[in-house]
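Residue numbers (my numbering), protein chains in the order written: chain Z, 1 to 194; chain H, 195 to 586.
None of these hints come from the bench; they were simulated from the model.
One or more of the hints may lead you astray.
When the alpha-carbon atoms are kept at most 25 Å apart in a straight line, the in silico DMTMM-like pairs for lysine to aspartate or glutamate are as follows [what the hints assert, rightly or not]:
{"#": "1", "chain 1": "Z", "residue 1": "K144", "chain 2": "H", "residue 2": "E454"}
{"#": "2", "chain 1": "Z", "residue 1": "K178", "chain 2": "H", "residue 2": "D457"}
{"#": "3", "chain 1": "Z", "residue 1": "K178", "chain 2": "H", "residue 2": "D460"}
{"#": "4", "chain 1": "H", "residue 1": "K435", "chain 2": "H", "residue 2": "D464"}
{"#": "5", "chain 1": "H", "residue 1": "K435", "chain 2": "H", "residue 2": "D534"}
{"#": "6", "chain 1": "Z", "residue 1": "K194", "chain 2": "H", "residue 2": "D461"}
{"#": "7", "chain 1": "H", "residue 1": "K435", "chain 2": "H", "residue 2": "D457"}
{"#": "8", "chain 1": "H", "residue 1": "K513", "chain 2": "Z", "residue 2": "D26"}
{"#": "9", "chain 1": "Z", "residue 1": "K108", "chain 2": "Z", "residue 2": "E184"}
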Amino acid sequence: MANPLRIVVVEPDAARAKEITDGLRDSGWPDIQVIGETNALARNLADLDPDLVLIDLANPSRDALETLSIASGAKQRPVAMFVDHSDDELTRAAIAAGLSAYVVDGLKKDRIKPVLETAIARFQMVSQMRAELDAAKAALSERKTIDRAKGLLMQARGLSEDEAYGLLRKTAMDQGRKLIDIAEALVTASDLLK
Amino acid sequence: MRAHRINCGYVPLVDSAPLIIARELNFAQEEGLDLQLLKQPSWSALRDLLALGHLDAAHILSPLPIAMSLGLGGLPAQVDALMVLSANGNVIGVSNTLADQMRENGWSGDFLTPSETGKHLIASAGPDLRIGVPFPFSMHSELLYYWLGHLGIDVGNQLDIRIVPPPQMADAIAQGEIDVFCVGEPWGSIAVEQGVAELILPGAAIWAFAPEKVLAARRDWITTNPDLTRRLMRAVARAAKWLGDHDNRMMAAEVLARSEHLDVADDIIDRALAGRLIMRRRAFAQQVPHFLRFHGGAANFPWRSQAAWIASNLAGRMKLDRSQAIQIAKSCFRADLYRDYLSEISVDMPGASEKLEGALVHPEAVASERGELILGPDAFFDGQIFDPNAAG
Numbered sequence: 001m002a003n004p005l006r007i008v009v010v011e012p013d014a015a016r017a018k019e020i021t022d023g024l025r026d027s028g029w030p031d032i033q034v035i036g037e038t039n040a041l042a043r044n045l046a047d048l049d050p051d052l053v054l055i056d057l058a059n060p061s062r063d064a065l066e067t068l069s070i071a072s073g074a075k076q077r078p079v080a081m082f083v084d085h086s087d088d089e090l091t092r093a094a095i096a097a098g099l100s101a102y103v104v105d106g107l108k109k110d111r112i113k114p115v116l117e118t119a120i121a122r123f124q125m126v127s128q129m130r131a132e133l134d135a136a137k138a139a140l141s142e143r144k145t146i147d148r149a150k151g152l153l154m155q156a157r158g159l160s161e162d163e164a165y166g167l168l169r170k171t172a173m174d175q176g177r178k179l180i181d182i183a184e185a186l187v188t189a190s191d192l193l194k
Numbered sequence: 195m196r197a198h199r200i201n202c203g204y205v206p207l208v209d210s211a212p213l214i215i216a217r218e219l220n221f222a223q224e225e226g227l228d229l230q231l232l233k234q235p236s237w238s239a240l241r242d243l244l245a246l247g248h249l250d251a252a253h254i255l256s257p258l259p260i261a262m263s264l265g266l267g268g269l270p271a272q273v274d275a276l277m278v279l280s281a282n283g284n285v286i287g288v289s290n291t292l293a294d295q296m297r298e299n300g301w302s303g304d305f306l307t308p309s310e311t312g313k314h315l316i317a318s319a320g321p322d323l324r325i326g327v328p329f330p331f332s333m334h335s336e337l338l339y340y341w342l343g344h345l346g347i348d349v350g351n352q353l354d355i356r357i358v359p360p361p362q363m364a365d366a367i368a369q370g371e372i373d374v375f376c377v378g379e380p381w382g383s384i385a386v387e388q389g390v391a392e393l394i395l396p397g398a399a400i401w402a403f404a405p406e407k408v409l410a411a412r413r414d415w416i417t418t419n420p421d422l423t424r425r426l427m428r429a430v431a432r433a434a435k436w437l438g439d440h441d442n443r444m445m446a447a448e449v450l451a452r453s454e455h456l457d458v459a460d461d462i463i464d465r466a467l468a469g470r471l472i473m474r475r476r477a478f479a480q481q482v483p484h485f486l487r488f489h490g491g492a493a494n495f496p497w498r499s500q501a502a503w504i505a506s507n508l509a510g511r512m513k514l515d516r517s518q519a520i521q522i523a524k525s526c527f528r529a530d531l532y533r534d535y536l537s538e539i540s541v542d543m544p545g546a547s548e549k550l551e552g553a554l555v556h557p558e559a560v561a562s563e564r565g566e567l568i569l570g571p572d573a574f575f576d577g578q579i580f581d582p583n584a585a586g
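Let the hints inform the model, and build the full structure from the sequences given.
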């Protein structure tokens with residue numbers, strides 16, 4: 001049996017990182033390290049010398065990994081995005097789950113595929129949890145701003161709540177902007193005029 | 195008639211303006227397109243989604259389609275540049291400590307003196323220069339290599355290039371992780387506003403007409419969708435022309451500033467659009483000629499000689515066959531489609547698709563189809579001229 005794959009998960013959120021690494025360990029890959037700090041990412045990764053790097057597609061620090069793909073030092077092994085053209089569904093599923101995987105040159109596909117399938121399932125789970133949380137937070141903060149804007153209009157112009165909302169919506173449509181942007185502008189302006 | 199949907203990726207920067215304006219001012223709609231703009235967190239993410247077919251087109255760093263087509267980087271693919279979206283627009287900045295050191299050593303503080311400023315930077319920075327750029331295959335990297343390399347730095351050994359996403363550039367310099375950055379606006383001005391850096395040079399002072407971002411698409415998509423390609427190029431060309439009109443500057447800044455796009459104060463965005471940069475906190479604004487060009491001087495024409503210049507430099511650093519790399523790069527810059535698809539909307543076309551890069555110190559009238567074209571300036575700071583056919 002070949003040496004166990006050395007896997008690095010780049011994930012600043014400790015709870016998410018744990019969900020992912022637990023899943024991989026449970027499925028039989030013990031050699032997993034987590035990098036949470038994305039400063040000096042390329043150098044830290046080169047020091048760990050992993051076979052496989054898993055990182056969120058949306059992580060803004062991903063571009064630092066690009067340096068590894070053009071590494072030319074004697075000790076460094078070139079790294080490439082894992083794309084399996086013979087299995088487009090796997091690549092699509094990874095992207096849909098928000099996962100990008102980098103593998104070192106020469107690693108066999110059949111060794112990567114099971115890791116990726118496990119990682120995809122875990123990424124799907126944590127992405128969904130985060131998306132729900134983010135959506136709930138955003139909706140709450142938008143609703144607060146819109147409520148404040150409605151309140152300001154009701155007070156200043158003697159409108160009913162429905163009329164105030166209608167006026168905000170009409171203004172947004174006329175200006176081709178989002179309702180929340182109009183509401184924010186009104187709230188900011190009113191704060192300034194106090 | 196139902197509008198055709200085009201998924202187009204972009205990274206929120208001032209130079210994504212031609213796409214944002216094409217959508218928000220309905221130039222795309224007038225071409226029968228439903229132009230969906232999908233903001234991306236990194237150049238890698240944008241590249242992967244484009245290469246794997248999740249995006250139809252993208253606002254992308256001008257050297258990236260060339261690098262991808264040469265098989266360089268994490269995910270190679272055959273990607274072409276349909277047109278140039280903007281010329282110039284980058285700034286080089288240094289930490290406050292380094293700026294003070296440069297002044298102590300006699301730097302004048304002038305914003306438009308690349309040789310003097312470069313020499314003071316090299317003399318003041320010590321043996322290793324840690325420089326932040328947004329991506330390895332970028333005009334930022336090319337300009338830095340060219341500038342410091344021609345001032346005597348051994349770019350292979352003395353430069354420590356670090357990849358830092360643009361929105362994190364101010365933080366990286368504040369934390370002392372880098373000494374210098376080269377970045378697109380608004381991120382240089384934001385570092386100035388935060389009081390963590392001083393701007394020392396605009397990219398335009400190194401090369402007066404550097405293709406910065408291009409509109410890119412996969413070659414197979416372009417071949418399969420000629421009509422959509424044509425409409426997309428027309429919409430973007432009209433948006434670029436609109437952006438070239440100074441009367442539209444305020445409105446452009448307001449649209450870009452919106453939360454779904456750059457989400458940055460419009461007065462910061464306006465500095466790049468107006469070419470009036472504030473080099474350090476509480477300093478007066480400095481007018482920079484040709485700081486960022488969306489239109490005029492054939493700014494949108496994908497010159498095959500620009501592609502050759504980029505490929506020649508990449509080949510040198512990555513140890514590729516130079517003449518082969520130049521041939522591949524030239525075929526990526528689709529001057530042919532630009533002529534075919536944009537002549538019909540009265541874009542004046544240059545007589546040739548290649549030029550000597552760096553030959554124009556002043557604007558000059560050149561041979562063109564309608565005889566109204568003025569090119570340049572396109573000079574390099576050290577006066578060198580690049581001949582795309584002598585470089586092989």
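Going down the list of hints, with the structure as the test:
1. Z/K144 <-> H/E454: Holds. Z/K144 to H/E454 sits at ~19 Å (cutoff 25 Å).
2. Z/K178 <-> H/D457: holds, 13 Å
3. Z/K178 <-> H/D460: With Cα atoms ~17 Å apart, Z/K178 and H/D460 stay inside 25 Å; holds.
4. H/K435 <-> H/D464: holds, 17 Å
5. H/K435 <-> H/D534: This hinted pair holds, its Cα atoms lying about 18 Å apart.
6. Z/K194 <-> H/D461: holds, 23 Å
7. H/K435 <-> H/D457: Holds, at about 24 Å.
8. H/K513 <-> Z/D26: violated, 44 Å
9. Z/K108 <-> Z/E184: Violated - the C-alpha atoms of Z/E184 and Z/K108 are around 53 Å apart, more than 25 Å.
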